Amino acid sequence: MSIAIKPNDRTAQSLFALCERLFPICRSITGDGVRQTLAILKEYIDLNIVEIPTGKAVLDWQVPKEWNVQDAWIKNSLGERVVDFQNNNLHLLNYSIPVHRKIDLAGLKKYLYTLPEQPDLIPYRTSYYKENWGFCLSHHQYEALEEDTYEVYIDSTLQAGHLTYGELYIPGIIKDEILFSTHICHPSLANDNLSGISVLTHLIQYLKSRKNKFSYRFIFIPGTIGSITWLEENQDQLQHIKGGLVASLLGDAGDFTYKKSRRDNTEMDFVVEQVLQKARVPYRIQNFIPYGYDERQFCSPGFDLPMGNLTRSQFGTYPEYHTSADNLALIRPEYLATSLAVYQGVVNAFEKNIFYQNLSPQGEPQLGRRGLYEAIGGNSDAKQLQMAMLWVLNYSDGAHSLAHIAHLSQLDYPLIEKASQLLESKSLLKKLG
Amino acid sequence: MSIAIKPNDRTAQSLFALCERLFPICRSITGDGVRQTLAILKEYIDLNIVEIPTGKAVLDWQVPKEWNVQDAWIKNSLGERVVDFQNNNLHLLNYSIPVHRKIDLAGLKKYLYTLPEQPDLIPYRTSYYKENWGFCLSHHQYEALEEDTYEVYIDSTLQAGHLTYGELYIPGIIKDEILFSTHICHPSLANDNLSGISVLTHLIQYLKSRKNKFSYRFIFIPGTIGSITWLEENQDQLQHIKGGLVASLLGDAGDFTYKKSRRDNTEMDFVVEQVLQKARVPYRIQNFIPYGYDERQFCSPGFDLPMGNLTRSQFGTYPEYHTSADNLALIRPEYLATSLAVYQGVVNAFEKNIFYQNLSPQGEPQLGRRGLYEAIGGNSDAKQLQMAMLWVLNYSDGAHSLAHIAHLSQLDYPLIEKASQLLESKSLLKKLG
Amino acid sequence: MSIAIKPNDRTAQSLFALCERLFPICRSITGDGVRQTLAILKEYIDLNIVEIPTGKAVLDWQVPKEWNVQDAWIKNSLGERVVDFQNNNLHLLNYSIPVHRKIDLAGLKKYLYTLPEQPDLIPYRTSYYKENWGFCLSHHQYEALEEDTYEVYIDSTLQAGHLTYGELYIPGIIKDEILFSTHICHPSLANDNLSGISVLTHLIQYLKSRKNKFSYRFIFIPGTIGSITWLEENQDQLQHIKGGLVASLLGDAGDFTYKKSRRDNTEMDFVVEQVLQKARVPYRIQNFIPYGYDERQFCSPGFDLPMGNLTRSQFGTYPEYHTSADNLALIRPEYLATSLAVYQGVVNAFEKNIFYQNLSPQGEPQLGRRGLYEAIGGNSDAKQLQMAMLWVLNYSDGAHSLAHIAHLSQLDYPLIEKASQLLESKSLLKKLG
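Residue numbers (the numbering used here), protein chains in the order written: chain A, 1 to 433; chain B, 1 to 433; chain C, 1 to 433.
Hints listed in this document are in silico derivations from the structure and should not be mistaken for laboratory results. All clues given are correct.
The list cannot tell twin chains apart, which means a pair is met if one copy fits it or any two copies do.
Below are the DSSO-like pairs computed for lysine-lysine, each with C-alpha atoms no more than 27 Å apart in a straight line:
| hint | residue 1 | residue 2 |
| --- | --- | --- |
| 1 | Lys110 | Lys383 |
| 2 | Lys426 | Lys130 |
| 3 | Lys418 | Lys130 |
| 4 | Lys65 | Lys426 |
| 5 | Lys175 | Lys431 |
Note that the coordinates shown come from a computational prediction; the quantities given were computed from them, not determined experimentally.
Work the whole structure out from these sequences, hints included.
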């Protein structure tokens with residue numbers, strides 16, 4: 001798989017179109033924005049919508065009050081809306097309580113958030129767990145505000161309700177499962193994380209269209225509180241998880257970034273390395289750190305799930321991150337499609353990532369007699385497939401998976417797969433487990 | 001040991017002379033060429049010749065039919081031999097079945113093998129396990145063939161017989177043994193592997209001339225099928241093998257190459273590293289890969305013997321490999337002699353590679369009182385022998401051999417040996433095992 | 001802690017002043033020079049003076065005869081003292097037996113030691129364990145000696161007596177102890193090792209002024225025979241030692257050098273790394289080698305204590321080492337004070353180097369509700385303290401100390417400490433052990 005996708009590729013267009021549809025919605029960790037988002041996804045995939053009531057204890061946390069917003073603005077004394085939520089939902093501090101008051105400029109400034117070093121951009125700010133209100137605006141806009149009496153209006157509700165998330169389970173031949181998680185709590189931000197939502201939605205369509213060995217679980221959850229809630233609700237099921245990825249930041253032009261699981265050298269870590277290598281895309285692999293997205297929760301020491309985080313640019317590392325510049329212009333159809341192809345590659349590699357037992361471990365089995373070896377010996381060219389067969393035979397001792405052997409041999413994973421299939425077809429290997 | 005051997009060195013001459021004697025013989029994995037080769041070796045060493053009958057099941061394989069050849073040629077319509085086995089036995093595809101027929105140029109070409117990128121050289125090709133016939137020739141010769149009716153003649157036999165190999169066992173004080181293996185199946189190729197045959201023959205003479213601690217076993221076997229046959233025949237004896245080397249490619253000008261055992265960090269691996277370091281020759285050390293010579297069989301997962309492969313240039317990496325240019329001009333007496341010296345070094349290091357127990361492990365023993373320490377202290381020059389004594393004392397805890405301590409300290413192995421002998425002579429160390 | 005100490009700092013002056021007081025004394029591994037040295041230290045700290053009699057068996061050694069010297073000189077035939085112990089006690093081969101004789105130049109030269117490559121300097125030489133006499137002088141002085149009859153006079157005694165050392169124990173809340181050791185056997189050499197003596201003396205004052213968790217033991221001992229004697233006398237107590245440092249060479253301008261314990265990756269190794277990193281001083285960290293100072297004894301395989309060696313320039317690596325140029329001009333108050341600060345840092349880090357258990361290991365605990373997290377989310381600036389809290393929470397699984405977590409995260413140790421204290425104050429962590 002060397003991935004080269006054109007912008008007008010049909011899947012690429014579909015991935016981007018879903019981002020476009022979802023972009024205008026004002027999402028948060030709870031509320032109707034999330035419900036609208038999941039409802040749109042339901043047009044694509046048979047999502048199970050779960051509602052968890054406010055106040056429910058989840059691990060160390062509590063499901064918060066539900067937040068909804070109708071409108072929000074700041075008017076000057078002429079009645080002009082100088083900051084308007086209708087223009088960009090990032091203008092409102094996410095989870096702002098309802099407010100209607102007049103305030104002078106000095107008073108107002110205590111409630112304003114800007115990015116002085118990126119004066120054209122509106123920052124994205126939230127206050128989920130401390131009741132507050134505020135507005136976010138560009139620093140240029142902020143500096144243009146004159147002494148005046150301003151009218152501030154936030155038509156929001158913050159009250160008992162629900163936390164909403166979507167879940168979808170695709171049963172496979174075995175109960176061992178792969179978990180994909182993505183966060184759905186960001187308002188009009190494209191790369192972070194409509195890209196992740198769209199890629200997983202299309203990955204589900206891909207998996208649904210066929211029979212799989214592993215079972216797959218997808219969760220579309222608000223960040224942090226969503227994964228904590230889901231973990232609380234599903235503690236009995238976690239032992240089935242044999243690998244997983246937190247999906248996000250998949251639409252920009254950045255190189256792929258894989259952050260390994262806390263356990264290190266899990267099968268998922270071997271698989272992703274091989275897929276990225278095989279995809280011939282620029283990438284980097286990093287050790288686990290306890291910061292980032294929901295892998296923080298999945299890899300907390302009390303769970304320590306074998307999950308990594310696979311993005312393009314990494315969180316916090318690109319200038320548009322958590323600003324109004326993370327918009328539809330930042331992401332591109334072909335980047336989304338390449339990301340999807342990589343995720344499909346991961347799924348396919350995991351499906352085929354078998355532990356084999358060499359049934360003829362004493363010496364090499366005679367490959368030639370089975371048609372697996374060139375008849376005319378002595379040719380000094382390295383025969384890659386034969387090499388792959390030798391690697392698979394030598395390391396199929398019960399301790400090394402195919403992805404692990406690919407990692408050891410530095411041979412391409414498809415070659416290792418092909419070699420193992422050939423060997424299995426000749427009864428030289430037996431699948432384990 | 002810093003090795004500097006002159007071409008006219010007597011051992012160097014003897015090593016080369018044996019290669020010269022063996023060069024003209026048309027060897028294969030079976031047949032009279034092997035028998036003639038072993039018969040010549042018997043003039044030097046008391047080899048035990050073993051004959052295993054065709055059809056015998058050996059591990060996953062079967063001993064093949066025996067192949068012998070009297071003559072082979074291609075004549076043009078004028079009756080001129082345009083390709084002639086008598087000129088170079090590489091001209092005949094090794095293991096060719098008997099043929100006598102007329103054929104036009106197009107038909108003939110299906111049976112011809114050349115090296116278009118090395119148009120002056122005859123390739124070496126075999127077809128052991130699929131019945132076939134063919135001729136190998138230089139690409140220039142091939143291109144000069146004109147439209148004509150050719151007469152093809154191969155006077156060979158392929159029928160029930162034996163696989164022949166030589167074995168020699170030198171009992172030592174203990175039954176623990178070191179295994180040296182070399183392949184004897186190549187026809188007129190000098191570096192691959194008359195060099196290995198000659199070096200081991202002389203190494204046997206060296207070991208026979210003295211009393212050894214370890215027992216040594218040497219096997220002169222056809223490649224692949226020979227090691228498989230030998231392993232089949234000797235499965236009960238393998239537990240005595242404490243280390244070993246596959247010897248080949250020992251006569252060319254290339255740097256030494258050591259491919260470690262599959263187990264990694266075995267005593268043989270430590271020993272070879274130290275000998276190469278001490279020899280002050282250029283070398284490289286590589287991790288195990290399941291490709292190469294008969295270490296593929298010895299290190300298969302069902303045996304996993306502590307054996308490496310010690311060559312000069314590595315298989316497949318020099319341009320003359322498996323061509324008519326791997327002839328007596330490629331190898332030189334002094335290179336063979338340096339290789340022999342390195343192999344002797346390995347044997348000597350293994351003989352002395354003792355695990356010691358420090359009998360005074362609490363604090364340093366008082367070396368000065370035993371005459372092991374310079375009397376006038378305070379000199380800041382590093383005293384290498386004293387350093388070696390300190391390393392040996394500190395790490396002789398039962399878990400580290402001398403070769404391992406040499407590896408840790410990066411001190412020369414002879415210094416480590418000398419230090420340990422001094423310490424043992426003063427009853428500060430006790431030999432283990 | 002970024003250490004910047006001025007020469008006129010009061011502690012710096014005190015450290016240097018102690019070196020100045022001790023400098024003139026002619027010390028050795030036994031004798032009144034050691035007693036005078038310890039008596040001066042007793043003015044600063046409540047040292048317990050231990051006397052072990054000559055002849056006592058200590059591990060593999062024996063306590064040697066006690067050596068004392070009154071005077072020593074070489075006079076020429078004019079009666080002029082051409083070499084005079086009164087000018088510099090390095091002139092006398094340490095442990096010289098009494099001598100009074102006339103000798104010609106050729107005979108005399110057998111007893112003279114010089115440094116031809118550093119012709120201005122007097123070498124430091126000893127002959128503790130072989131009875132001998134001699135003089136050390138500059139090579140220039142040596143070359144100026146003319147043919148003459150010389151009178152040699154050494155007024156020394158070498159007879160049954162004692163080996164003397166100082167010990168001080170500061171009981172802490174727990175019996176687990178940290179051992180600091182320094183050698184006191186060198187005559188007029190400043191960096192090696194009045195610097196170590198002075199730094200440990202001031203470190204004791206520092207620890208005495210407060211309550212400590214760990215117990216601390218300090219030993220001021222002659223090199224080699226002193227540590228061996230102390231180990232013999234204290235074998236029953238060694239199990240309390242949880243870490244330690246051999247202190248020496250702490251007054252020169254060199255970069256800090258830490259030689260790790262033989263065990264490698266002990267808590268002391270993690271702690272020293274973090275302190276040096278935090279101190280923002282140049283440093284290097286080396287693996288254990290069985291050569292150097294008394295860590296040779298403490299890390300011998302029969303004891304294998306978790307102790308390292310923390311110096312500035314390493315032994316044997318600076319040109320003034322073991323010469324008359326290792327004098328008071330080589331060391332500086334501010335260097336001594338920086339070394340003391342680093343040692344204090346080590347103590348403080350060890351005191352706080354706790355193993356914590358995360359009491360909320362499933363998912364991240366809600367830091368915001370406990371006031372530990374910024375209320376306004378979405379700010380992309382890395383919050384170092386929050387990062388430290390996440391690292392501490394994720395790795396406080398019982399297997400990682402704070403120093404180990406600092407090592408993993410590469411975050412500053414004080415930040416890790418502060419994070420852990422905050423988390424503990426909110427009952428999110430429980431101290432282990």
